[in-house]
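Just so you know, the protein sequences line up as chains A and B, in that order. Mind the numbering: the first sequence is residues 0 to 248 in numbering that gives the first Met the number 0, read in order. Mind the numbering: the second sequence is residues 0 to 257 in numbering that gives the first Met the number 0, read in order.
Any given hint might turn out to be false.
Unchecked claim - Derived DSS-like pairs: lysine-lysine, alpha-carbon spacing no greater than 25 Å straight-line: (1) K59(A) / K247(B); (2) K9(A) / K90(A); (3) K42(A) / K9(A); (4) K42(A) / K22(A); (5) K90(A) / K6(A); (6) K105(A) / K9(A); (7) K90(A) / K57(B); (8) K247(B) / K22(A); (9) K59(A) / K147(B); (10) K6(A) / K17(A); (11) K42(A) / K59(A); (12) K6(A) / K117(A); (13) K70(A) / K22(A); (14) K17(A) / K247(B); (15) K247(B) / K42(A); (16) K90(A) / K59(A); (17) K6(A) / K22(A); (18) K59(A) / K105(A).
As the list claims (entries may be wrong) - Negatives, chain B to chain A, calculated, CB over 10 Å: (19) L15; (20) W27; (21) S85; (22) N156; (23) F159; (24) G170; (25) W246.
Note that these hints are calculated values from the structure, not bench results. All residues carry an ideal CB built from backbone N, CA and C; glycine is no exception.
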Amino acid sequence: MTIPLFKVTKVSKEYSGKGGTVKALRQVSFTAAPGEFISLVGKSGSGKTTLLRLLGGLEKPSAGQITMGRKEIPSPRIGMVFQEPRLLPWKTVEENLRLSMLHHDKTRQETLLAKTLKQIHMESWRSAYPSQLSGGMAQRVALGRTLCYEPDIILMDEPLSALDYFTRQSLQDTIEELYLEEKKTILFVTHHVEEALRMGGRVLVLREGALEGDLSVHYPYPRKGTSLSLEPLRRSILSILQPSEICSA
Amino acid sequence: MFRFKNLRGLLLPALLFGVWWWGSSQEWWNSFLLPSPSRVGAAAADLFRRGILMTHVKVSLFRVLAGCGLAFGAAFPLGVFCGRSSLLRSLVLPLLEALRHIPPLAILPLLILWFGIGETSKLMVILMASFFPIFLNTLSGIAHCDTKLLEVGTTLNLSFRDTFRHILLPGALPSVLVGLRLGMGYGWRALIGAELIAAVSGIGYMIHDAEQLSRTDVVIVGVVLMGILGSLLDALFFTLTCSLLPWKGAKMHDDPLV
Chain A
0 MTIPLFKVTK VSKEYSGKGG TVKALRQVSF TAAPGEFISL VGKSGSGKTT LLRLLGGLEK
60 PSAGQITMGR KEIPSPRIGM VFQEPRLLPW KTVEENLRLS MLHHDKTRQE TLLAKTLKQI
120 HMESWRSAYP SQLSGGMAQR VALGRTLCYE PDIILMDEPL SALDYFTRQS LQDTIEELYL
180 EEKKTILFVT HHVEEALRMG GRVLVLREGA LEGDLSVHYP YPRKGTSLSL EPLRRSILSI
240 LQPSEICSA
Chain B
0 MFRFKNLRGL LLPALLFGVW WWGSSQEWWN SFLLPSPSRV GAAAADLFRR GILMTHVKVS
60 LFRVLAGCGL AFGAAFPLGV FCGRSSLLRS LVLPLLEALR HIPPLAILPL LILWFGIGET
120 SKLMVILMAS FFPIFLNTLS GIAHCDTKLL EVGTTLNLSF RDTFRHILLP GALPSVLVGL
180 RLGMGYGWRA LIGAELIAAV SGIGYMIHDA EQLSRTDVVI VGVVLMGILG SLLDALFFTL
240 TCSLLPWKGA KMHDDPLV
């Protein structure tokens, strides 16, 4: 059995406010092996982003435990790509990428910068400010910034949700290329079932804060989320997300 | 680049000047109360030729720049610390809020008593006038820094020093610069007031001295000069702001204050 890179054990998260307590996550448990590409799918408000924020260390769980690392990588570096690019508007593309390389010396920075700009297809935009970029380009730079950080685990919080169909397809290809090239552990949040199947080697299904499904996708890349061979998996996921509607269909 | 917007801004002053010139030539008012433009021009030329004008301008400019520099030195770090610490905010803000409502000229008699009639009391007046716009705008810029960008710093494991240098400070810079711009305007106005009361040099003193000698033409030279110098300082500051905020690009020129 593969030793996991991180382990989520019975994690719950509650938010208290004037309107009462909201349970965002309920006893979620799963593990992730090194080099695994996991899609996390669920409807809006199902707790996907909360789970990612807990893994990214931006919030603390109300109960349960998150264990990071294993013998070879005792404290893995975690990189995060947000729903919106979150680029620093006062920095150029190059400077935004350099922000995640402050711990490296100049030579390493240059090598990593050149490599990353090529990977994200933004070589000719290195001097541009974020305000001069399209949404897709900005999201590419955000992805590049995370790659420059050289993380062991990449958390992606619906990074393609605000993009048009074609830009989305193009970025899906880029992420897939990066994954096949670098074999990082990726947790990819989406609310598109097809996208989850297109990207992940494993799909976790979250419903109302609880982990309701854990499915393996044994199909080689490149894939199409709408491929007929993935139809049984798609139906399984939909039956978890909306059982009554699927049954009546 | 030359812009027609700037030219439009000259229309109203030109109209006022025309009314002033026409009214004076038609003797609509007593020339002692409001001398003609030609008499004011002649007075300005005379003061300039004798070197008096430049001496007063240099003194006033030095005072306003030094006073604003001191105010920035005190207000900026305090604004940064208060912007980051709610504890410090709750300790410091009530007192500063009370002090903010005291016009600096109201405590000029005390300042003269404590620091004498020399430069220190005047610099203190400017410092007090410029302090609050700089402090409040720095505080606001730091406290309202985009939390989403701060989260990026957290996920990249940036130290506080790097977070401040790369995220907090540039994020707050537009607000800080607005504070500095307002502070300079406030300082300029307070300086003239201080020079009117206790000084032997400066544009305010020149106006006060001219009033004693019933030279309304020199008073007008001083008043117009104050307006022109204030606008020039502001324009210079705006140019500096544009070069410090290159990412703002064309948006800077949509500033309603420009």
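To see whether the hints hold, each was checked on the structure:
1. Between K59(A) and K247(B), the direct Cα distance comes to roughly 36 Å. Violation of the 25 Å bound is thereby established for this hinted pair.
2. Distance restraint check for K9(A) and K90(A): the Cα-Cα separation of roughly 41 Å exceeds the 25 Å cut-off, and the hinted pair is therefore not satisfied.
3. With a CA separation close to 21 Å, the supplied pair K42(A) and K9(A) stays within the 25 Å bound.
4. A hinted pair counts as satisfied when its Cα atoms are at most 25 Å apart, and K42(A) with K22(A) qualifies at roughly 15 Å.
5. For the proposed pair K90(A) and K6(A), the alpha carbon gap of about 36 Å is over 25 Å, so the pair is violated.
6. Distance check on the hinted pair: K105(A) and K9(A) sit about 43 Å apart at the alpha-carbon level, beyond 25 Å; violated.
7. A hinted pair counts as satisfied when its Cα atoms are at most 25 Å apart, and K90(A) with K57(B) does not qualify at roughly 38 Å.
8. A threshold of 25 Å between alpha carbons decides the hint, and for K247(B) with K22(A) the separation of about 41 Å lies outside it, so the pair is violated.
9. Only pairs whose Cα atoms come within 25 Å are accepted, and K59(A) paired with K147(B) is accepted, the gap being roughly 17 Å.
10. Restraint check for K6(A) and K17(A): the C-alpha separation of about 33 Å exceeds 25 Å, so the hint is violated.
11. Under the criterion of a C-alpha separation no larger than 25 Å, the hint pairing K42(A) with K59(A) is consistent with the structure, at around 22 Å.
12. The suggested pairing of K6(A) with K117(A) is violated, with an alpha-carbon distance near 33 Å, which exceeds 25 Å.
13. Between K70(A) and K22(A) the CA atoms are separated by roughly 34 Å; this puts the pair beyond 25 Å, and the hint is violated.
14. A distance of roughly 39 Å separates the Cα atoms of K17(A) and K247(B); the hinted pair therefore is violated under the 25 Å criterion.
15. Distance restraint check for K247(B) and K42(A): the Cα-Cα separation of roughly 37 Å exceeds the 25 Å cut-off, and the hinted pair is therefore not satisfied.
16. Pair hint K90(A) plus K59(A) does not hold up; C-alpha atoms about 31 Å apart against a cutoff of 25 Å.
17. Between K6(A) and K22(A) the alpha-carbon distance is near 21 Å, which keeps this suggested pair within the 25 Å criterion.
18. With a C-alpha separation of about 35 Å, the suggested pairing of K59(A) with K105(A) is violated against the 25 Å cut-off.
19. The non-interface label for L15(B) is consistent with chain A: the shortest C-beta to C-beta separation is roughly 40 Å, beyond 10 Å.
20. Consistency note on W27(B): stated as away from chain A, and its beta-carbon is indeed over 10 Å from all of that chain's, at 54 Å minimum.
21. The claim that S85(B) is not at the interface with chain A holds, since no C-beta of that chain comes within 10 Å of its own (minimum 20 Å).
22. Not every CB of chain A lies more than 10 Å from the CB of N156(B), the least distance being 8 Å, so the non-interface label is violated.
23. Every C-beta of chain A lies more than 10 Å from that of F159(B), the closest at about 13 Å, which supports listing it as non-interface.
24. The beta carbon of G170(B) is not kept farther than 10 Å from every beta carbon of chain A, the shortest such distance being approximately 8 Å.
25. Here W246(B) does not stay apart from chain A, with its beta-carbon only about 5 Å from theirs, under the 10 Å limit.
Checked against the numbered hints above, the structure breaks hints 1, 2, 5, 6, 7, 8, 10, 12, 13, 14, 15, 16, 18, 22, 24 and 25 and satisfies the rest.
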